[in-house]
Amino acid sequence: MGSVFYIDTFLLNNFIINYTLIFFSLKTSKLEINRLRIIIVSILAAIISLPLMFSYRYIFILFKITAPLLMCYYSVDKISLKQTIKLVAVFWIYALILSGIFAAINLPGNLFTVKDAKYGTVAYAEICLAIFILYLLCKYILKFLSRQFLIKDAYKAVKISYNNKSITLIGFYDSGNNLVDKKTNLPVFIVSKRCLKDFFNLQTSPTDYIQCTTVLGTGVMPVIKPDSITVDGIIANAIIGISDQDFYSDYDIILSRAQIERNTISFKETENIYV
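With the first letter of the sequence shown counted as 1, position 80 gets the number 80 in the numbering used here; the numbers rise by one all the way through.
Honestly, the hints are just simulated from the structure, not real lab data. Check before you lean on any hint, since a few could be wrong.
Simulated DEER-style distance windows between Cβ atoms [said to hold, decoys possible]:
#1 LYS30 to SER166: 26 to 32 angstroms
#2 SER99 to GLU32: 33 to 39 angstroms
#3 TRP92 to ASP250: 46 to 52 angstroms
#4 LEU50 to ALA104: 25 to 31 angstroms
#5 GLU32 to PHE199: 51 to 57 angstroms
#6 GLU32 to VAL220: 35 to 41 angstroms
#7 ASP232 to ILE97: 27 to 33 angstroms
Since this is a predicted model, take the numbers as computed values, not measurements. In this text, a Cβ means the ideal position worked out from N, Cα and C, and glycines have one as well.
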């Protein structure tokens, strides 16, 4: 009885392998990833390779050599010759690594041999999908951990001194706080009123008002100029805006982006962080 050839399995395996190799090659080469182009190129390469399987051996080998060049070239919108050569080189490196993974997983006697449940052939598609899942897991775990470090760095100890009294609050760097007092040209740190109820009397203490815009609309906010403000022990030249709104329980005061840009406080410049 002759060997059985499954066209659907062949096309699916070739498509997923092509997509995997092109995707990671583009990632490594730091080129723009257009998923639609990768899908189209991967499908076309899989379809074209099907009839060539039954052609002369040398024609199929020639196709295997030239296909990566064409796949890499057409998977990117605009690419130079130098970038194409680099991309093809990376493609072949990943192809060799992937072949090694297939061979290692499916060695005779290997307890971890992966076979297709339906046809009993080597499950190339499943192995590639497992690599993608592992990649995505690592990507999001690293993103989560880096975000935690950024958030940790964004929290600051803020000490406010006013009328011979002082209070220490937990401040949070919010790059969306661009509020500046037009009279003094000083950045505004926004504090929840509840945090100041035992420290500052809004009714009897001298205050000023500034216009501000929030997600709730446009209005005015009472502000005070404390005797001093320090952020992690560093003096900050700013004023305090008092908000009726309660913040999240893990911080009391929203620090200003304008203060950071003046290099008065050595904050680490990060992307927008939302908690």
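Status of each hint after checking the structure:
For LYS30 paired with SER166, a C-beta distance near 50 angstroms fails the hint of 26 to 32 angstroms. The hint said 33 to 39 angstroms for the Cβ distance between SER99 and GLU32, and at roughly 27 angstroms that hint is violated. The beta-carbon spacing between TRP92 and ASP250, approximately 50 angstroms, falls within the hinted interval of 46 to 52 angstroms. Hint check: LEU50 to ALA104, Cβ distance near 27 angstroms, so the stated range 25 to 31 angstroms holds.
Between GLU32 and PHE199 the Cβ separation comes to about 53 angstroms, which falls inside the hinted range of 51 to 57 angstroms. The given range of 35 to 41 angstroms is broken by GLU32 and VAL220, whose C-beta atoms sit roughly 47 angstroms from each other. Look at ASP232 against ILE97: about 46 angstroms separates their beta carbons, and that is not inside 27 to 33 angstroms.
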